[in-house]
Structure formats: structure tokens, C-alpha cells
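Enquirer: Take a look at the letters that make up each chain.
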Amino acid sequence: MAEVFFFIAGIGAVCGAVGVVMVRNPFYSVLALVFHLLSLAALFLLLQAQFVAAAQVVVYAGAVMVLYVFVVAYVGGADPTNLRPPVGRGQRVVAVLFGLALFIELAIAVLGSGLKAISTDGPTVGASFGTPENIGQLLLTKFLLPFEVASFLLLIAAVGAVVLARRRGGIGADEEDRVAVMDFRLPPGIGTMAEAVGGRSTREPLELGSGGGETSRARDPEGGW
Amino acid sequence: MSLDWYLVVSALIFSIGAAGVLTRRNPLVVLLCLELMLNAANIALIAFSRMWNNGDGQIFAIVVMVVAACEVCIGLGLVVALYRRRLPIDVDEIRELHG
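Line by line, the protein sequences are chains A and B.
Read left to right, the first sequence gives residues 1 to 225 (our numbering).
Read left to right, the second sequence gives residues 1 to 99 (our numbering).
Excised from the complex, chain B in its bound form:
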């Protein structure tokens, strides 16, 4: 399968994720859409790694996975903290950062 197909799939998933970040209100789903965008970047990285016959792109993909795990960790911590304070779990309601 030629490599540009992988890049087209990557672009498609990235666009879907970007549209999801813009439309959804629940911060949990916004985080899921961010994961989609990071994974789209991962496919592109691995496809280029295959194209150059070089393993560096795969290392980069693993680092992206680490960053995604950290982002999930902090994001879910924020959602739990919002829930504990009985705030609405809705990104439109949480506009102001004053505590």
C-alpha cells in the first residue's frame, strides 16, 4: 500500500478530531478528540519512519504517546476536581478561571 494513503488517513482523522474539539461541550469528549489528533500525528510519523527506513520516527511516536498519557492524566484530574466542586461538566460554563 503506497504511503500517501496512510498520510491521507492521518489527515482525515486529524480533521475529524479538530472538528470534534470545536463542537463538543463535555471536557471528557474534548480530551478524547485531542487524543484523535495526537494519534493522527502518530500515523504520519510512523509512515515517514517507514518511508526513510529509519527508526527515529517510531521513537518520536512513542514520545507522543507519553505526552498523550500525561495530558490524559492532568485532564482527567481537572474533570474530577470540577466534579468534586459540583461545577457543571461543561466547557461553555467554565469560562472564568477565577477560583
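Extracted from the complex, chain A is given alone in its bound form:
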């Protein structure tokens, strides 16, 4: 029975991987990767790694892929650059040959290794192998330092993403007509008795006073970076 599940999940994983590489539209590539990740989670379950399989489905196929889908939708999956023919035939042939050579080398390395247990089903493991308790105990005792370093790495990545994707000055022409609060500040003298009497024009202070200084400050069209 395990063989049947292995072949279903393995063929699904390989087909998903081929789909990621072959499909022209990046949106469908992301969907193929989701399929691939779900098949991999099934393989992890067959290897008694229940917690990693659950994390794979929830975190990877769920959260990370949603991020991908958002970015593909933002950037535009059907961009004209995708419709250009991909790299030339020569490079494609070289890449496929490289992949084939890599696979053959890895297969030789796997099958020719001196590990005896590699062609068995593996030892019988206890019921607690790969459960959340087991993983949590390992993470918080034996691997406490890698755990903390990983959390710090996530923090650095989050800060880096914010810095990379934040809005900067001079981004585009559509930013120019954004309304600022300072645009609504009336020049001094409007609505007063002096205006009614005619001693003071409404247009004049608009240019002289706050109008010119604050609203058009630091709008560098060339961009800041």
C-alpha cells in the first residue's frame, strides 16, 4: 500500500516540478508549485515526518504561495516579456543536458554509496518519531541556538523586504496629483473683514504665503535613488 502512495505522490511531485519549469505563465507556475508542495507533504507523511508535512502544507503551500500569488498578480503575470521566446535553443539544450548530467551524477552517488540501510525500508521507528512533541523538544533543547538564529534571520528578512519594497520619492507621475493636507490650508486673510473691504486680494497671498513653499517641496521628479 505504501508503494502505491509513494508512486502517486512521487509522480505528482515530479510532474509539478516539470510544470513549474515548462509553463509559460508565471501564475500557472505558482499553481504547479503548490501541487508539487502538496505531493511532497504526502511523501513526508510516508517518511513518518508528520510535523514537517503539516508545516509544509500550512506554511509553505499556504502562506508563502499566497505571497507569490499576490506578487504575480501585482507585477502582472501576462507581461509581454513572458511572451517573448525564452532563451535561445542553444542555451535550452545546454541546460537540459546539464540537468540530465546532474541527475545521473546524483543517482550514481546515491546508488553507489556504501550505506547499507539505503535500500531497506528503514528501521522501525517509535510512535513518537516526528510528532510535534518530539520536534518541539529537539528544537528547544538540543537545537536551541539554531532555532533562535532562524528567528533572527526571519526578522532580518522581514525588515529587508520592507526596506526594499517601500515607497520612495519620485516613483511615478500618478503620484503627483495626490492631495496633501497643506493644499487645503487657506491663505491668511480669507474670510476676514479685510477681504470683504477689498483691502486684500485672495489670490495674492496664495502665491506669496504657504502655497508655494510647502506643497511642492521635495518632489524630485528624477527619483531619489
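In case anyone wonders, no lab produced these hints; they're calculated from the structure.
One or more hints might be untrue.
Some chain B residues near chain A, calculated using beta-carbon distances under 10 Å [as the list claims (entries may be wrong)]: (1) LEU12; (2) ILE16; (3) GLY17; (4) LEU22; (5) LEU31; (6) LEU32; (7) ILE43; (8) MET51; (9) GLY55; (10) PHE60; (11) VAL80.
The structure displayed is predicted, hence computed values, not measured ones.
Heads up, the beta-carbon is just placed ideally off N, CA and C, and yes, glycines get one too.
Add chain B to chain A, keeping to what the hints say.
Expert: Frame of chain A, contents of chain B only:
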């Protein structure tokens, strides 16, 4: 199912990912192919963890997932920054790092 089958699947997925990194032009798809390679490494790690009846390989796989999430975060941030600057989303066009 004997464990070398898992390692062969891992090698196959890794090779497909490597070939994809070499052939695709869109940086989003290049990142997806990098994910494929990291996941191939994950299968191998978990298969060896099963082989030695030792949970350390699974911890390693979780750390690889963390690193993959960070890589996705930074990579997608770069793609969004490219799009904001109206640069072509194409790794062949972005050859020079001078800003």
C-alpha cells in the same frame, strides 16, 4: 518503500530545478525553481532522518524551510522594487548592478 527511491525522486526534482534556473527569464519563475531545489534537499534530509531513526534531519528540514521563506521574502521584495522603477522583469535585461 525503500529509501533510495526517495533519494532518486529528490535528485530528479533537484535536476529539474537546476535546469529551470538556467532556462527561465522571469525572476519570479527563477525563484520558484530555487524553491524546487530547496525542497529536493528537504526530501533527502527527511529520508536520511528516517534512515538513522533520528529526528535531527527533520529539524534541519525545518531550518531549510525558514531559509526558503526568507529568500522568497527578499526575492519578491526585489521584484516589486524592479516593477516600481518600471524596469523590465527579466533577468537578462538586469545585468548591471549600478543604480
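Enquirer: Each hint needs a verdict: does it hold in this structure or not?
Expert: How the hints compare with the structure:
| no. | hint | verdict |
| --- | --- | --- |
| 1 | LEU12 | holds (6 Å) |
| 2 | ILE16 | holds (4 Å) |
| 3 | GLY17 | holds (7 Å) |
| 4 | LEU22 | holds (4 Å) |
| 5 | LEU31 | holds (8 Å) |
| 6 | LEU32 | holds (5 Å) |
| 7 | ILE43 | holds (6 Å) |
| 8 | MET51 | holds (5 Å) |
| 9 | GLY55 | holds (5 Å) |
| 10 | PHE60 | holds (9 Å) |
| 11 | VAL80 | holds (4 Å) |
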